[in-house]
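**Q** Given these sequences and hints, build the entire structure.
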Amino acid sequence: MEQPVLIAVVDDDESVRESLPDLLREFGFAVEAFSSAPAFLASPHVAGTRCLILDVAMPGMSGPEMHATLQLRGHAIPVIFITAHGDTGDRLKLMRTGVVDCLMKPFSEAQLLKALSAAFPVD
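All letters in the sequence shown, in the order written, are residues 1 to 123 by the UniProt record's numbering.
Keep in mind that the hints were calculated from the coordinates and are not lab data.
Be careful, since some hints might not be right.
As the list claims (entries may be wrong) - Label pairs and their in silico Cβ distance ranges:
1) Leu92 / Asp12: 16 to 26 Å
2) Glu26 / Leu72: 26 to 36 Å
3) Gly74 / Glu26: 16 to 26 Å
4) Leu6 / Thr69: 16 to 26 Å
5) Arg96 / Glu26: 29 to 39 Å
6) Pro38 / Thr97: 15 to 25 Å
7) Arg96 / Gln3: 25 to 35 Å
8) Glu32 / Ser62: 11 to 21 Å
9) Ser108 / Leu72: 25 to 35 Å
10) Asp90 / Gly28: 28 to 38 Å
11) Lys93 / Ala118: 17 to 27 Å
12) Pro59 / Glu2: 31 to 41 Å
A virtual CB, placed ideally from N, CA and C, is assigned to each residue, including glycine.
**A** Here it is in structure tokens:
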């Protein structure tokens, strides 16, 4: 039996860490949730993560800083940024960093599915 794809959710908002994994599990994904970038980076799940749903604005290390750290360490994990702050210009700036998508909170299930489809293209 094939193992489900592991998605990591990194967000300092507890409600996101509780609700988003439930939704992703309904789609058939395995999910690990983390409250901070350092918590994810110190976890044993970095190498097995196939997609990262990452909050942009977090205390300490921000989402973009974590993305850059992963790239420097040689981890090419597809990233979907999520944010409650910013505008179209901010979103475009984030998209130029090579991420799959940048979703504005609150985002719809359809928007999330579209971003996940881009993270896992079908050959």
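**Q** Hint by hint, say whether it matches the structure.
**A** How the hints compare with the structure:
no.: 1; hint: Leu92 / Asp12: 16 to 26 Å; verdict: holds, 24 Å
no.: 2; hint: Glu26 / Leu72: 26 to 36 Å; verdict: holds, 34 Å
no.: 3; hint: Gly74 / Glu26: 16 to 26 Å; verdict: violated, 32 Å
no.: 4; hint: Leu6 / Thr69: 16 to 26 Å; verdict: holds, 19 Å
no.: 5; hint: Arg96 / Glu26: 29 to 39 Å; verdict: holds, 32 Å
no.: 6; hint: Pro38 / Thr97: 15 to 25 Å; verdict: holds, 20 Å
no.: 7; hint: Arg96 / Gln3: 25 to 35 Å; verdict: holds, 33 Å
no.: 8; hint: Glu32 / Ser62: 11 to 21 Å; verdict: holds, 20 Å
no.: 9; hint: Ser108 / Leu72: 25 to 35 Å; verdict: holds, 33 Å
no.: 10; hint: Asp90 / Gly28: 28 to 38 Å; verdict: holds, 32 Å
no.: 11; hint: Lys93 / Ala118: 17 to 27 Å; verdict: holds, 18 Å
no.: 12; hint: Pro59 / Glu2: 31 to 41 Å; verdict: holds, 37 Å
Hint violations for this structure: number 3 only, all remaining hints satisfied.
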